[in-house]
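Visitor: Given next are the chains, with one letter for each unit.
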Amino acid sequence: MIFLRILKKDFLRKKGIMLIVFSFILLSAFLMSAGANLIVELSNSLNALFSASRAPHFVQMHAGSIDQPTLNGWARKNKMVEEFQLVEMITIDGSALFLGDSGVSEESSVMDIGFVSQNETFDYLLDMQNRPLQVSPGEIAVPVYYLQNRDLQLGDTLRVKGASKTTSLTITAFLRDAQMNPSIVHSKRFLLHQSDYTELQKQFTESEYLIEFILTDPGRIDEFTKAYLDSGLPKMGPTVDSRLFKTLNALTDGIVAAVVIVLSLLIMIIALLCLRFTILATLEDDYREIGVMKAVGMKRGDIKRIYLFKYFALGALAALLGYLASLSFNRILSEDILLYIGSAPKSFVQHLIPLCAAALTFLIVLLSTVLILRRLNRISAVEALRAGAGAGIGGKASAGVRILPLKNSKLFNVNVFLGMRDVFQRFRMFALLGFIFFFCTFIIILPVHFLGTITSPSFISYMGIGRSDIRVDLRQSESVAARFSDMLEYIEADDDVERFSPLITSQFTMLSDNGEKETIAIESGDFTLFPLDYVKGGAPARENEIALSYLKAKDMNRKIGDSLSLMVDGSPREMTVCGIYQDVTNGGRTAKTILPYNPAKVLWYTVSLDLAAQADMQAKMHEYSDQFHPARITDMESYIDQTLGSTIDQLGRVTLVAIAAGLVVSILITSLFLKMIISKDSSQIAIMKSIGFSLQHIRIQYLSNTLVLLAIGLLLGTVFSNTLGQRFVSILWSQMGASQITFIIDPLRAYILMPLLLMGTVSLATVLSISAIKEHSIINGVKE
Amino acid sequence: MSILLETKQLNKTYVVGKQNEVNVLKDVDLKIMRGEFVSVMGPSGSGKSTLLYNICGMDKMSDGSVLFNEKELSRLSEKELSALRLNEMGFIFQQIHLLKNLSILDNIILSGYLAHNRRRGAVKKKDVEKRAVKLMEKTGIAELATNDISQASGGQLQRVGICRALINEPDIIFGDEPTGALNSKSSDEIMELLAGVNRGGTTVMLVTHDVKVAAKTERVLFMLDGRLVAEKHMGKYSGNGDLKAREERLSSWLLELGF
Numbered sequence: 001m002i003f004l005r006i007l008k009k010d011f012l013r014k015k016g017i018m019l020i021v022f023s024f025i026l027l028s029a030f031l032m033s034a035g036a037n038l039i040v041e042l043s044n045s046l047n048a049l050f051s052a053s054r055a056p057h058f059v060q061m062h063a064g065s066i067d068q069p070t071l072n073g074w075a076r077k078n079k080m081v082e083e084f085q086l087v088e089m090i091t092i093d094g095s096a097l098f099l100g101d102s103g104v105s106e107e108s109s110v111m112d113i114g115f116v117s118q119n120e121t122f123d124y125l126l127d128m129q130n131r132p133l134q135v136s137p138g139e140i141a142v143p144v145y146y147l148q149n150r151d152l153q154l155g156d157t158l159r160v161k162g163a164s165k166t167t168s169l170t171i172t173a174f175l176r177d178a179q180m181n182p183s184i185v186h187s188k189r190f191l192l193h194q195s196d197y198t199e200l201q202k203q204f205t206e207s208e209y210l211i212e213f214i215l216t217d218p219g220r221i222d223e224f225t226k227a228y229l230d231s232g233l234p235k236m237g238p239t240v241d242s243r244l245f246k247t248l249n250a251l252t253d254g255i256v257a258a259v260v261i262v263l264s265l266l267i268m269i270i271a272l273l274c275l276r277f278t279i280l281a282t283l284e285d286d287y288r289e290i291g292v293m294k295a296v297g298m299k300r301g302d303i304k305r306i307y308l309f310k311y312f313a314l315g316a317l318a319a320l321l322g323y324l325a326s327l328s329f330n331r332i333l334s335e336d337i338l339l340y341i342g343s344a345p346k347s348f349v350q351h352l353i354p355l356c357a358a359a360l361t362f363l364i365v366l367l368s369t370v371l372i373l374r375r376l377n378r379i380s381a382v383e384a385l386r387a388g389a390g391a392g393i394g395g396k397a398s399a400g401v402r403i404l405p406l407k408n409s410k411l412f413n414v415n416v417f418l419g420m421r422d423v424f425q426r427f428r429m430f431a432l433l434g435f436i437f438f439f440c441t442f443i444i445i446l447p448v449h450f451l452g453t454i455t456s457p458s459f460i461s462y463m464g465i466g467r468s469d470i471r472v473d474l475r476q477s478e479s480v481a482a483r484f485s486d487m488l489e490y491i492e493a494d495d496d497v498e499r500f501s502p503l504i505t506s507q508f509t510m511l512s513d514n515g516e517k518e519t520i521a522i523e524s525g526d527f528t529l530f531p532l533d534y535v536k537g538g539a540p541a542r543e544n545e546i547a548l549s550y551l552k553a554k555d556m557n558r559k560i561g562d563s564l565s566l567m568v569d570g571s572p573r574e575m576t577v578c579g580i581y582q583d584v585t586n587g588g589r590t591a592k593t594i595l596p597y598n599p600a601k602v603l604w605y606t607v608s609l610d611l612a613a614q615a616d617m618q619a620k621m622h623e624y625s626d627q628f629h630p631a632r633i634t635d636m637e638s639y640i641d642q643t644l645g646s647t648i649d650q651l652g653r654v655t656l657v658a659i660a661a662g663l664v665v666s667i668l669i670t671s672l673f674l675k676m677i678i679s680k681d682s683s684q685i686a687i688m689k690s691i692g693f694s695l696q697h698i699r700i701q702y703l704s705n706t707l708v709l710l711a712i713g714l715l716l717g718t719v720f721s722n723t724l725g726q727r728f729v730s731i732l733w734s735q736m737g738a739s740q741i742t743f744i745i746d747p748l749r750a751y752i753l754m755p756l757l758l759m760g761t762v763s764l765a766t767v768l769s770i771s772a773i774k775e776h777s778i779i780n781g782v783k784e
Numbered sequence: 001m002s003i004l005l006e007t008k009q010l011n012k013t014y015v016v017g018k019q020n021e022v023n024v025l026k027d028v029d030l031k032i033m034r035g036e037f038v039s040v041m042g043p044s045g046s047g048k049s050t051l052l053y054n055i056c057g058m059d060k061m062s063d064g065s066v067l068f069n070e071k072e073l074s075r076l077s078e079k080e081l082s083a084l085r086l087n088e089m090g091f092i093f094q095q096i097h098l099l100k101n102l103s104i105l106d107n108i109i110l111s112g113y114l115a116h117n118r119r120r121g122a123v124k125k126k127d128v129e130k131r132a133v134k135l136m137e138k139t140g141i142a143e144l145a146t147n148d149i150s151q152a153s154g155g156q157l158q159r160v161g162i163c164r165a166l167i168n169e170p171d172i173i174f175g176d177e178p179t180g181a182l183n184s185k186s187s188d189e190i191m192e193l194l195a196g197v198n199r200g201g202t203t204v205m206l207v208t209h210d211v212k213v214a215a216k217t218e219r220v221l222f223m224l225d226g227r228l229v230a231e232k233h234m235g236k237y238s239g240n241g242d243l244k245a246r247e248e249r250l251s252s253w254l255l256e257l258g259f
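Protein chains in written order, with our numbering: chain V, 1 to 784; chain B, 1 to 259.
I should point out that these hints are in silico values taken from the structure, not numbers from a laboratory. As the structure is a prediction and not an experimental result, all values here were calculated from the model. Treat the hints loosely; a few may be bogus.
[Claimed, not checked] Calculated lysine-lysine pairs in the DSS-like style (CA-CA distance at most 27 angstroms, straight line):
no.: 1; chain 1: V; residue 1: K680; chain 2: B; residue 2: K100
no.: 2; chain 1: V; residue 1: K536; chain 2: V; residue 2: K14
no.: 3; chain 1: B; residue 1: K126; chain 2: V; residue 2: K774
no.: 4; chain 1: V; residue 1: K294; chain 2: V; residue 2: K8
no.: 5; chain 1: B; residue 1: K71; chain 2: V; residue 2: K15
no.: 6; chain 1: V; residue 1: K410; chain 2: B; residue 2: K138
no.: 7; chain 1: B; residue 1: K71; chain 2: B; residue 2: K100
no.: 8; chain 1: V; residue 1: K675; chain 2: B; residue 2: K79
no.: 9; chain 1: V; residue 1: K410; chain 2: B; residue 2: K130
no.: 10; chain 1: V; residue 1: K774; chain 2: B; residue 2: K71
no.: 11; chain 1: V; residue 1: K774; chain 2: B; residue 2: K134
no.: 12; chain 1: B; residue 1: K212; chain 2: V; residue 2: K774
no.: 13; chain 1: V; residue 1: K294; chain 2: V; residue 2: K79
no.: 14; chain 1: V; residue 1: K680; chain 2: B; residue 2: K185
no.: 15; chain 1: V; residue 1: K14; chain 2: B; residue 2: K18
no.: 16; chain 1: V; residue 1: K407; chain 2: B; residue 2: K138
no.: 17; chain 1: V; residue 1: K774; chain 2: B; residue 2: K18
no.: 18; chain 1: B; residue 1: K185; chain 2: V; residue 2: K407
no.: 19; chain 1: B; residue 1: K125; chain 2: V; residue 2: K407
no.: 20; chain 1: V; residue 1: K410; chain 2: B; residue 2: K60
no.: 21; chain 1: B; residue 1: K79; chain 2: V; residue 2: K680
no.: 22; chain 1: B; residue 1: K18; chain 2: V; residue 2: K410
no.: 23; chain 1: V; residue 1: K407; chain 2: B; residue 2: K134
no.: 24; chain 1: B; residue 1: K134; chain 2: B; residue 2: K185
no.: 25; chain 1: V; residue 1: K407; chain 2: B; residue 2: K100
Taking the hints into account, I'd like the entire structure generated from these sequences.
Guide: Structural data, given as structure tokens:
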């Protein structure tokens with residue numbers, strides 16, 4: 001068959017270019033189907049986890065005494081309740097808990113640790129096969145978070161130091177907890193046998209309750225939440241629901257999936273640009289042949305079919321291989337999901353989705369080919385035959401000879417000038433390479449910026465707290481108020497402390513627009529000492545002012561200057577919204593006022609403090625953890641690191657991949673492009689060589705060419721990352737409470753190292769791929 | 001008169017196909033004196049152009065030696081050869097070979113600027129421009145300076161070629177069939193220009209098929225099958241009415257050689 005013969009000949013003739021286009025399509029299809037698979041895997045596994053654990057729809061945490069009969073009675077009467085249970089949790093202070101043989105306690109951990117026994121009817125803690133877990137006396141099951149973050153193994157020992165004695169337990173399992181799995185949730189449950197639980201209860205008297213409900217209709221969570229909060233039932237602690245659990249569980253991997261898919265789209269665009277480039281170059285080479293084919297009477301459709309068939313075969317094979325490659329890669333990508341959430345058998349349709357994603361890539365390739373091939377219509381037989389192989393169909397060769405006459409080169413080396421001039425003269429052609437450089441800069445700089453931002457101590461301003469050297473957290477417990485005031489006294493007397501600010505979070509009741517009551521956690525104190533950045537407005541300065549977190553303001557539909565009604569000391573009080581800030585902690589829904597806190601419903605106490613210049617931070621942190629036991633003492637960096645650790649890790653990996661991808665793409669396209677330019681310019685190069693240009697001179701011309709383009713690409717890519725890229729990241733993160741991420745830019749890395757890296761690789765690629773200039777000589781023309 | 005260029009036992013072999021070697025130049029011994037006006041004639045494939053490209057260093061000789069301005073070409077690096085072509089040699093071609101992305105003026109001054117690049121002290125960009133304008137006036141193309149090369153005739157373009165070859169005041173101008181693609185009127189004009197250049201002291205060496213062209217040169221070399229087989233001293237061409245007689249003398253000599 002003639003098609004196959006032409007196809008084979010053509011592939012052999014253009015091995016290099018074909019291979020590159022092929023690889024790009026493959027890579028794009030690969031990422032596309034991997035991303036699709038990740039999403040399928042995530043939602044599928046998440047559903048499996050939630051159904052296996054029978055996760056509650058509504059949970060009220062409560063630190064304080066409880067009246068179970070009243071609760072039982074309310075639950076029985078409420079028609080929305082299907083099942084109800086009260087879970088008691090022994091709260092263990094981090095300083096009392098030792099994991100493994102390290103001998104280092106968990107006191108610096110941000111996690112609130114609770115010991116529980118297995119529930120009877122729902123909210124099961126699961127093993128790694130997603131089955132309800134049972135442990136024997138002397139054994140304990142530890143959350144997977146610790147498996148990953150503390151490098152624990154089965155058989156390791158866990159010690160709990162009580163008031164009178166230390167209890168040792170053997171870790172016999174790792175557990176999945178639908179509610180508290182992800183590292184972004186600051187509570188972790190450990191599972192004990194009932195007998196150990198009872199034993200430990202004698203030593204650790206502090207406990208917290210989880211008041212859990214499964215509803216008859218999960219769609220009515222909001223209605224139920226309101227009903228519960230209005231009921232006067234215990235609510236000293238956060239209120240959470242199953243939607244939040246799901247979001248938190250999906251967050252980290254969801255971001256990865258989104259990044260992978262965005263990356264795949266970018267690569268697809270590059271693949272399409274390459275494809276366009278290759279097809280046009282091929283048509284240019286084949287100009288005369290096409291003329292001959294037309295002259296001997298082949299129809300336009302026939303000729304088009306030859307080319308279309310070629311790219312159809314190429315695209316189909318690449319997409320298929322991309323899909324197959326993604327199958328083996330899926331496990332690596334979904335490692336985290338498998339660990340934290342577990343796998344679940346997928347349905348036939350779910351298996352099909354990644355394949356469809358790869359097929360989509362193929363279809364886009366095919367469609368673009370059809371569009372590009374419309375150029376064939378423009379070739380006339382006579383013209384093609386007469387013009388011969390030298391002529392092109394890519395438009396006029398030299399437009400604007402008069403721009404930038406050599407006279408203007410006074411300041412430049414003439415070769416540098418010629419190179420730069422060439423860029424402007426043949427701008428349409430060079431624009432593609434500039435665009436690629438822009439792209440590569442963008443995909444490198446954006447994650448670098450974001451990683452820099454999230455690892456910077458200033459990221460704290462997206463966590464709803466001001467910057468300070470040390471943060472002290474004291475959770476609700478026995479005689480906490482007294483301990484808190486002792487602590488303040490101690491800090492006040494400490495000469496090493498330059499300034500400090502106590503902040504108390506307590507619950508208030510708010511009247512919503514239609515007169516219904518709603519509970520809101522409000523932080524009270526002086527917010528001027530450790531100011532946070534406000535998206536709009538500023539810190540509350542008067543008693544009738546309130547600052548809302550971004551998500552809270554969005555939920556309540558409030559803007560700066562709007563008012564809301566808060567119950568203070570039993571009577572409603574009009575508050576004015578004075579500021580909106582970003583907060584990715586506590587579900588992103590918080591508020592701040594300078595009103596005195598509500599002593600009846602304190603959730604937690606914190607103190608932010610800055611040390612004087614002479615003080616030793618580490619020593620001070622040790623001193624405070626001893627002194628203020630069981631308060632948790634963290635510095636800002638470890639606070640961020642512990643809260644966002646796994647997100648940071650993953651982002652670090654993504655950044656590395658993006659840098660590698662950016663470099664590889666720029667190298668590939670640079671060489672591809674220059675090889676084509678060199679062959680196009682062969683006669684001009686030969687002339688220059690004949691009149692005394694050395695190879696070095698010509699190299700300088702092409703280097704100036706690519707470096708000017710790279711400079712433009714770097715500039716635009718950076719500007720784009722810093723503006724729209726930042727916007728894009730903000731949109732992604734606004735779901736978590738940070739609506740206006742401002743990149744904290746590390747100028748050394750982003751503006752010096754990365755550009756230098758790109759410049760180095762692009763220069764190298766340029767020099768290597770124009771080695772053919774050696775062969776161009778006007779003698780070759782003479783010899784024939 | 002001193003020797004500008006001398007070849008000894010110059011050989012050039014091309015490998016054609018897998019094993020066939022073609023000996024294009026065979027033991028060529030040649031001397032060219034400063035200020036001479038030399039032409040090389042011979043049938044197609046006799047090695048005329050190959051000789052030209054080997055003595056200017058554009059092609060690599062297989063064996064023998066080429067001494068130009070007391071420099072042995074085979075010992076020069078690629079960079080030194082380029083510098084030699086830039087500063088001490090000028091070239092004009094049948095196909096003219098101008099850079100299509102540059103205007104006519106820029107084609108001429110480019111080599112001058114490049115020379116400025118290499119020898120910053122010795123060459124000033126301003127002088128290059130002045131010289132280019134003067135050369136264009138001399139060759140009658142001054143009004144074309146800012147034109148695109150597609151806006152000029154073949155004869156005009158070859159004048160541009162001559163201006164380009166002269167911009168760095170070379171010791172020698174090599175011409176590979178410089179009038180081959182021109183009509184006879186333009187051809188005559190170009191030859192008059194080259195004769196003028198030669199009278200100014202620049203050595204000129206041309207490869208040509210055309211008796212009318214060769215008749216205007218001082219010495220005619222004849223090549224056959226890669227060897228330099230004969231030469232004829234024609235004496236200085238004064239530009240007067242003796243052209244007809246010179247042509248006849250040359251033709252009969254060529255006839256004797258069987259050309």
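Visitor: For every hint, state whether the structure bears it out.
Guide: We went through each hint and held it up to the structure:
1. V:K680 / B:K100: holds, 13 angstroms
2. V:K536 / V:K14: Status violated; Cα separation ~58 angstroms.
3. B:K126 / V:K774: violated, 32 angstroms
4. V:K294 / V:K8: Roughly 21 angstroms between the alpha carbons, so the hint for V:K294 and V:K8 holds.
5. B:K71 / V:K15: violated, 45 angstroms
6. V:K410 / B:K138: With Cα atoms ~26 angstroms apart, V:K410 and B:K138 stay inside 27 angstroms; holds.
7. B:K71 / B:K100: Roughly 33 angstroms between the alpha carbons, so the hint for B:K71 and B:K100 is violated.
8. V:K675 / B:K79: Roughly 23 angstroms between the alpha carbons, so the hint for V:K675 and B:K79 holds.
9. V:K410 / B:K130: holds, 15 angstroms
10. V:K774 / B:K71: OK: V:K774 and B:K71 at ~23 angstroms, within 27 angstroms.
11. V:K774 / B:K134: violated, 35 angstroms
12. B:K212 / V:K774: Violated. B:K212 to V:K774 sits at ~37 angstroms, over the 27 angstroms cutoff.
13. V:K294 / V:K79: violated, 80 angstroms
14. V:K680 / B:K185: Answer violated: V:K680 to B:K185 is near 35 angstroms, above 27 angstroms.
15. V:K14 / B:K18: Given that 27 angstroms is the threshold and the Cα spacing comes to 24 angstroms, the pair holds.
16. V:K407 / B:K138: Holds. V:K407 to B:K138 sits at ~21 angstroms (cutoff 27 angstroms).
17. V:K774 / B:K18: holds, 22 angstroms
18. B:K185 / V:K407: Since the Cα atoms of B:K185 and V:K407 sit roughly 34 angstroms apart, the hinted pair is violated (cutoff 27 angstroms).
19. B:K125 / V:K407: The given pair, whose Cα atoms are some 9 angstroms apart, holds under the 27 angstroms limit.
20. V:K410 / B:K60: violated, 35 angstroms
21. B:K79 / V:K680: holds, 24 angstroms
22. B:K18 / V:K410: violated, 50 angstroms
23. V:K407 / B:K134: With Cα atoms ~16 angstroms apart, V:K407 and B:K134 stay inside 27 angstroms; holds.
24. B:K134 / B:K185: holds, 23 angstroms
25. V:K407 / B:K100: At roughly 17 angstroms apart (the allowed maximum being 27 angstroms), B:K100 and V:K407 satisfy the hint.
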